[in-house]
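Chains as they are written, first to last, in the working numbering: chain A, 1 to 335; chain B, 1001 to 1243.
Hints are not guaranteed to be accurate.
Computed cross-link-like contacts, DSS-like style, restricted to lysine-lysine with a CA-CA straight-line distance of at most 25 Å [to be verified]:
hint, chain 1, residue 1, chain 2, residue 2
1, A, LYS238, B, LYS1013
2, B, LYS1003, B, LYS1134
3, B, LYS1070, A, LYS279
4, A, LYS4, B, LYS1214
5, B, LYS1003, A, LYS238
6, B, LYS1003, A, LYS4
7, B, LYS1134, A, LYS238
8, B, LYS1128, A, LYS279
9, B, LYS1102, A, LYS4
Which residues of chain B face chain A? A partial, calculated answer using Cβ under 10 Å [as the list claims (entries may be wrong)]:
hint, residue
10, THR1089
11, PHE1105
12, ILE1109
13, SER1148
14, ALA1176
15, PRO1220
16, VAL1221
17, PHE1222
FYI, nobody ran anything at the bench for these hints, they're computed from the structure. Yeah, the Cβ is synthetic: ideal placement off N, Cα and C, and Gly gets one too.
Residue strings, one per chain:
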Amino acid sequence: MKRKEVYLIVLVALLVMAFFWSLGLGDVHISAKKIIEIFENQMFNTHNKVSFTDKYVLLNLRLPRILSAMLVGASLSLCGVIFQAVLLNPLADSYTLGAASGAAFGATLAFILNLFYISAFSVSLFAFFGAVLSLVIVLYVAGFKSNLSSINLIISGIIVATIFSSAIALLDYLASKDVAYIMFWLMGSFDSSNWHNIRILFLVLTIVWFFAFFWADELDIISLNELSAQSLGVNVVKIRFIALILATLLTAVCVSSSGIIGFIGLIVPHIVRFIIGPKNRLLSIYSVLLGALLLLIADTFSRSFSFQIPIGVLTGLIGGPFFLYIYKIKVKKFV
Amino acid sequence: MYKLNNISFSYTKPILENITLNIQKDKFYSIVGPNGVGKTTLLLLLAGLLKPKSGNILLENKPIDFYPKKQLAKKISLVSQERIFFDYTVYEIVSMGRYTHKKRFYFSIQDCIKIDQAIEICGLSHFKNESILKLSSGEYQRVLIARSLAQDTPILLLDEAFSNLDLKYILTILDALISLNKTIISVFHDLRLARLADYTIFLKNAKIYKIISKSEPISPVFLEQFYEIETSQFYNIKNFTLI
């Protein structure tokens, strides 16, 4: 018990440190003291002397970007936790299930049809429908009812993801306008982070997190086996349905705010499970914190080079090999 | 306890046809029969996890599908053949048996006592903090049995739950179960084990072939007909009836 609390404190401390480190870093260097002074001015109406540039860079450029990165990291990790539990599959996450690609397709469609001008929610909404569509196809192809084999699910996820990626490419090709920014957004980027997206992300993440925390016992039991979960008294169909809808919604919100960022939802729950075990109540807390931390660090690195590497590319480059490693072990063990 | 009236069940071909059965309280029933005869299906019907295509099942004089899921889980527990993918500890798995009893965020003292008892009975005390994925198949089966013991239900359904256990654990666990006054219905492959039950239900061709009580001897001729085996082969397993 003690050990787990220490990890929690360490994780929170690291997150706070990374937050301030990342805020200060960039073309305009801002010291920790100045950062605190600016926040003080904002929150308590004090009148510390700060330069306008510092304030502008901090509040309008860095803070939204950093918060987005943390929220998206936390969200994707939570999606991973939920998908892995309800699909009884340690390899599942938004990315490997193809849900992210489906969401990206939906969001691209909304961009290209200019639905963004009608309502800011339309992109998220389209992303959600895209993600639901891809998930339904994947679960159908994998034979959700009869056999929950890891390989089936992952292969159908990859196939569906490929189809949607091609569909996105086709949309971009057919669209008469400039699609460079769509391509860049798709590769995963926090460049266009804004407060509107942050609010939606925060709201949805809170709802989904509350679900995962409150129904953690049910998630634990469902992650064993459908039959025994039912005989232990869990309403498997209901909980699983709600869980899939919520995780898909969260995926869609992430993708519409920052494109496709792969593997974070797969890796984080694995690391946490390795350290503190597979209980979903703990997983839901630690994964959210670790996900926020890792993606914040990754994003800070991605913007500290003289040229910016899309964050999705970076997580793919680091996460891909990690996925291969897990896949190799799991396949040996379970199939 | 249970009343089965004219139960039929089919997937594509009929699995069970017109099964009528009375299960008495606190008795031990075993189900035997050739592969694919519907033993597990019968167990799942009794657990309320499958619905019969026709006929009805009464549990304590109420149709079984009248019970809410949580209520049913307080009456019936099931040990089935399952694979677990995540490395929960033995203790964590057993404590999941308390799901219907526990408060949402904590276990009561009563819960902890039941969990410890179940672990004790199944001889798991010395590795209760081990990962479930590191156990042998026999130890693993004992964990699943312990989980259903922790569930603390009057009815226990076992689907070949003893298939990988050695005789010592089979007998100690069965002894414990019987002394706890539970209604036990268990599928067995091994006829010798099945005969330990008060009643042995022989299933064949989707029907109940015969129900034989513990005191009744089984004649070689009966087994010969039931399993459709030759007399010459039969001599080797004649001793089955002696236990």
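Results of checking the hints against the structure:
1. Note on LYS238/A and LYS1013/B: the hinted pairing is violated, with a Cα-Cα distance of about 30 Å set against a maximum of 25 Å.
2. Annotation: proposed proximity of LYS1003/B to LYS1134/B is violated, straight-line Cα distance about 41 Å (limit 25 Å).
3. For the hint pairing LYS1070/B with LYS279/A, the CA-to-CA distance comes to about 21 Å; that is within 25 Å, so the pair holds.
4. Restraint check: the Cα-Cα separation between LYS4/A and LYS1214/B comes to about 53 Å, which exceeds 25 Å; the hinted pair is violated.
5. About 29 Å separates the Cα atoms of LYS1003/B and LYS238/A, which puts this hinted pair outside 25 Å; it is violated.
6. Distance restraint check for LYS1003/B and LYS4/A: the Cα-Cα separation of roughly 50 Å exceeds the 25 Å cut-off, and the hinted pair is therefore not satisfied.
7. Distance hint between LYS1134/B and LYS238/A is unfulfilled; the C-alpha atoms sit about 32 Å from each other, more than 25 Å.
8. Between LYS1128/B and LYS279/A the CA atoms are separated by roughly 16 Å; this keeps the pair inside 25 Å, and the hint holds.
9. With a C-alpha separation of about 23 Å, the suggested pair LYS1102/B and LYS4/A falls inside the 25 Å cut-off, and the hint holds.
10. Using the Cβ-Cβ criterion of 10 Å, the hint placing THR1089/B at the interface with chain A is satisfied: the shortest such distance is roughly 7 Å.
11. Below 10 Å, beta-carbon pairs count as interface contacts, and PHE1105/B has one with chain A at about 8 Å; its hint therefore holds.
12. With its C-beta approaching chain A no nearer than about 18 Å, ILE1109/B sits outside the 10 Å limit, and its interface hint is violated.
13. Checking SER1148/B against chain A: minimum C-beta separation of about 8 Å stays under 10 Å; hint holds.
14. Evaluation of the ALA1176/B hint against chain A yields a violated restraint, the C-beta minimum of about 20 Å exceeding 10 Å.
15. For PRO1220/B, the interface hint is violated, the least distance from its beta-carbon to any beta-carbon of chain A being 37 Å, above 10 Å.
16. This hint is violated: VAL1221/B has a C-beta 38 Å from the nearest C-beta of chain A, more than the 10 Å allowed.
17. Taken as an interface hint, PHE1222/B does not check out: its beta carbon lies about 33 Å from the nearest beta carbon of chain A, beyond 10 Å.
Checked against the numbered hints above, the structure breaks hints 1, 2, 4, 5, 6, 7, 12, 14, 15, 16, 17 and satisfies the rest.
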